[in-house]
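Residue numbers (this note's numbering), protein chains in the order written: chain A, 1 to 477; chain B, 1 to 477.
I should point out that these hints are in silico values taken from the structure, not numbers from a laboratory.
The reader is advised that the hints may include incorrect statements.
Chain A stretches covered by chain B per the calculated footprint, using a threshold of three residues with CB under 8 Å from any CB of chain B [to be verified]:
1) 66-80
2) 89-99
3) 104-116
Cβ coordinates follow ideal geometry from the N, Cα and C atoms, glycine included.
Protein chains: 2
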Amino acid sequence: MAERITPRNQDYSRWYTDVILQAQLADYAPVRGCMVMRPYGYALWENARDALDRRFKATGHENAYFPLFIPMSFIQKEAQHVEGFSPELAVVTHGGGKELDEPLVVRPTSETVIGHMYSQWIQSYRDLPVLINQWGNVVRWELRTRPFLRTMEFLWQEGHTAHATYEEAEEETLQMLEVYADFAINEAAIPVIRGRKSESEKFAGADTSYSIEAMMGDGRALQSGTSHNLGQNFAKAFDIKYLDRSNELQYCWTTSWGLSWRMMGAVVMVHGDDQGLILPPRLAPTQVVVVPIWKKDEERQAVLGAIEKVKAALGDSVRLKVDDREEYSPGWKFNEWELRGVPLRIEIGPRDVAQEQVMLARRNQLGRAGKSPVPLAGLASAVTDTLTLVQNELLQKATEFMEANTREPTDYESFKEAVAQGFARAWWCGTAECENRVKEETKATTRCIPFDQPGGTGRCVACGGEAKEVAVLARAY
Amino acid sequence: MAERITPRNQDYSRWYTDVILQAQLADYAPVRGCMVMRPYGYALWENARDALDRRFKATGHENAYFPLFIPMSFIQKEAQHVEGFSPELAVVTHGGGKELDEPLVVRPTSETVIGHMYSQWIQSYRDLPVLINQWGNVVRWELRTRPFLRTMEFLWQEGHTAHATYEEAEEETLQMLEVYADFAINEAAIPVIRGRKSESEKFAGADTSYSIEAMMGDGRALQSGTSHNLGQNFAKAFDIKYLDRSNELQYCWTTSWGLSWRMMGAVVMVHGDDQGLILPPRLAPTQVVVVPIWKKDEERQAVLGAIEKVKAALGDSVRLKVDDREEYSPGWKFNEWELRGVPLRIEIGPRDVAQEQVMLARRNQLGRAGKSPVPLAGLASAVTDTLTLVQNELLQKATEFMEANTREPTDYESFKEAVAQGFARAWWCGTAECENRVKEETKATTRCIPFDQPGGTGRCVACGGEAKEVAVLARAY
Chain A
1 MAERITPRNQ
11 DYSRWYTDVI
21 LQAQLADYAP
31 VRGCMVMRPY
41 GYALWENARD
51 ALDRRFKATG
61 HENAYFPLFI
71 PMSFIQKEAQ
81 HVEGFSPELA
91 VVTHGGGKEL
101 DEPLVVRPTS
111 ETVIGHMYSQ
121 WIQSYRDLPV
131 LINQWGNVVR
141 WELRTRPFLR
151 TMEFLWQEGH
161 TAHATYEEAE
171 EETLQMLEVY
181 ADFAINEAAI
191 PVIRGRKSES
201 EKFAGADTSY
211 SIEAMMGDGR
221 ALQSGTSHNL
231 GQNFAKAFDI
241 KYLDRSNELQ
251 YCWTTSWGLS
261 WRMMGAVVMV
271 HGDDQGLILP
281 PRLAPTQVVV
291 VPIWKKDEER
301 QAVLGAIEKV
311 KAALGDSVRL
321 KVDDREEYSP
331 GWKFNEWELR
341 GVPLRIEIGP
351 RDVAQEQVML
361 ARRNQLGRAG
371 KSPVPLAGLA
381 SAVTDTLTLV
391 QNELLQKATE
401 FMEANTREPT
411 DYESFKEAVA
421 QGFARAWWCG
431 TAECENRVKE
441 ETKATTRCIP
451 FDQPGGTGRC
461 VACGGEAKEV
471 AVLARAY
Chain B
1 MAERITPRNQ
11 DYSRWYTDVI
21 LQAQLADYAP
31 VRGCMVMRPY
41 GYALWENARD
51 ALDRRFKATG
61 HENAYFPLFI
71 PMSFIQKEAQ
81 HVEGFSPELA
91 VVTHGGGKEL
101 DEPLVVRPTS
111 ETVIGHMYSQ
121 WIQSYRDLPV
131 LINQWGNVVR
141 WELRTRPFLR
151 TMEFLWQEGH
161 TAHATYEEAE
171 EETLQMLEVY
181 ADFAINEAAI
191 PVIRGRKSES
201 EKFAGADTSY
211 SIEAMMGDGR
221 ALQSGTSHNL
231 GQNFAKAFDI
241 KYLDRSNELQ
251 YCWTTSWGLS
261 WRMMGAVVMV
271 HGDDQGLILP
281 PRLAPTQVVV
291 VPIWKKDEER
301 QAVLGAIEKV
311 KAALGDSVRL
321 KVDDREEYSP
331 GWKFNEWELR
341 GVPLRIEIGP
351 RDVAQEQVML
361 ARRNQLGRAG
371 KSPVPLAGLA
381 SAVTDTLTLV
391 QNELLQKATE
401 FMEANTREPT
411 DYESFKEAVA
421 QGFARAWWCG
431 TAECENRVKE
441 ETKATTRCIP
451 FDQPGGTGRC
461 VACGGEAKEV
471 AVLARAY
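When you get a sec, could you build the whole thing from the sequences and use the hints?
So this is what it looks like as structure tokens:
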């Protein structure tokens, strides 16, 4: 169990990896830059996956599976795509003991191979829209990696859709961004800023990219989901055409959108504290852990009897775990489940049995303030109400933190201070010169041009030139 | 829609691929030997996955995710493993634009990398057993491929467990074989033979392999799931040790077990007919399709109104699809959904509306015999009862087919006839000589030594030598 976790304010980065390793969310793999998602991390990912998958299906999407390997020539068909992804490719050159005629790329993303299939499946306007999502793994050769946030192989979903018009494609792109925002806010309890990516930050091959950006506990930004309007770029590269109602051949308009296991890293960084993880109840693999407390053997029987009543009262309404291991003390178990971020703990001792009650303790408020007795009679509703309360408290705290660390600087000096600590929301000219200068001098990048704009024009916070939009800038993971 | 499907008895192999392509379960990918699982196929796979996953969790297993890439040196650590898998490996030699110091293998199976992680996670008998499953993709360089049955990349699950004793490992191995058999029989409506693999057919690195074997519609066998007792082979190769209760260091006993999307191919081959797929209700993405029938516009309103009543009556109790497309005729839709194997069809025409009934048609019995009127009042229970009936009928028909095509030859001539048509259950000496001779002369292989044995001894059906066991032999996919 828990070695010492490096305090957050001492070394945020080490705190992050300490928590992930000790809470057994993940472990380093023997291949550089790769990660093993351990059962506890995978259970968290499963809950996130299911919550997203429900939303995808509710918006008319179906799942499918496309091949891991992509012919090198496919990657080269879309000019910006090959430029963006070439440095990151893992390449299979040998198969079955022989050198291949054409090397195969391990998919870094699947626009190309899916575009190829769509060109065969789509003939007429009647076949449109095509609304498909894929759950799977992708590989990008990253030099500097960090568990969940940036790994050579990662699990994600990638949606790929084809439409008859630009407007429909744009509507889809924005709809899926909203699905991501809804998931982040209402499942992961992470507030996000929705916006458009700048030219330099957009997806390689997209006309327009959108993202949701979240603020981590150290004030840095994490791009947490992206949605791209690919225009006709991939349709032209892969010949995805349809006969319209007037019997004329048209290129389709396509989109793609993805969210990966890096969101699990966001959950750790946004909510965690020096004791370890704090998981939002809606995603937590275990929502309530029950710890029995006794000393004498006659107490043991009474306490275990009360636990049966707790189990009966809660039924399937919550994800419950009873930790009745006898080789560990209650105090050890408290630490263990706090480290692993279980939202609620139920303690039952002899005195509680006598009074037909349990103690209910909230992970997000340790100590006396977060602990209260609850009568066994009303336990089920008390537990579900408290889980809802905790979910809301986590979102509120993260929202307040983001607001407190977002500034609106109007000159370059205060801008630099803002991005040293959190987000800067500032008038922005959007030129490559300003982006490069700011990146070099402050390590901050344009996270997005938020949808929420003041209107009018202003002076660029970096160069003082005319600015038509406000951007959010920050150092990012 | 449906081009002509090659009749089953004209060319079984072409019938199989015709059905898969036209029912849109899958399509060929642009990479040789790879396949795209289309939304309809994926929805079938999702139902199979969920049915298996429930069983894994009910038997105490957790999911996790291990890396796609495995260092070449890992594969070489277990002598039989490297011998078995070397010819099938896909190898990444370049990453991020550079040649790698050590090539990476795209996992053909994950015993090695998981064994490496277990050696780090397991310290004491308290850490045992470790019961982990992985859902993912693997790659084996196959020369002759066929959709679902044999593809270069395939989706599967692989369970990997570690135990303190041989007995526990053997118990786990047999338990998971039984989970597969239960899934095949009760979800896929496919009867299977449980048994032990022969020495030449066992997994590369296993002490003992077990499999479930199913009979396809052409009498050939399909190994549909395997479970391996790996003994201490991988524990020794990867140094997976634990301190026992006497504080002595011991090697663990490990198992692995896998079932892949080839089971979807079995569903096609076992149940399908010349009209296309016949899906078992428990796995069917759509269990009931509703087809409205009208000619005049005033009929249309009445029929669509009745459909609302059908939807209300059935609620969420079945996976329902209403095909109210107006550009296709009812007859066209009947063909389409028969091709796609939807178990039940509800037809509603003006006369049915007047009589407050629907027509209920069973896919597994086309024509008048499988069609009957059902009053709207009792529709929900009629539908669920009929789905259960259909599920049972499919299993019964497949069981009768397997029994009818399984013979018990006692001489080599009748043995050759038996394996030309189906399964041979025969006394078997188990020597490599007999296995090789039979394979060469008849293309049949030892599918398994079934658990169900007559006892005593007999004369080997091939060589006439002493035989202690009965084997099941067949030509196999």
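key: Proximity test - 8 Å, beta-carbon atoms, the segment 104-116 of chain A to chain B, at least three hits   = The restraint on the segment 104-116 of chain A holds, since 4 of its residues have a Cβ under 8 Å from chain B and three suffice.
ask   = At a Cβ distance under 8 Å, does chain B reach at least three residues of the segment 66-80 of chain A?
value = Since 7 is at least three, the answer is holds.
message = At least three residues with a C-beta closer than 8 Å to a C-beta of chain B: is that true for the segment 89-99 of chain A?
response = holds (count 9)
Against the hints set out earlier in the document, no violation occurs for any number.
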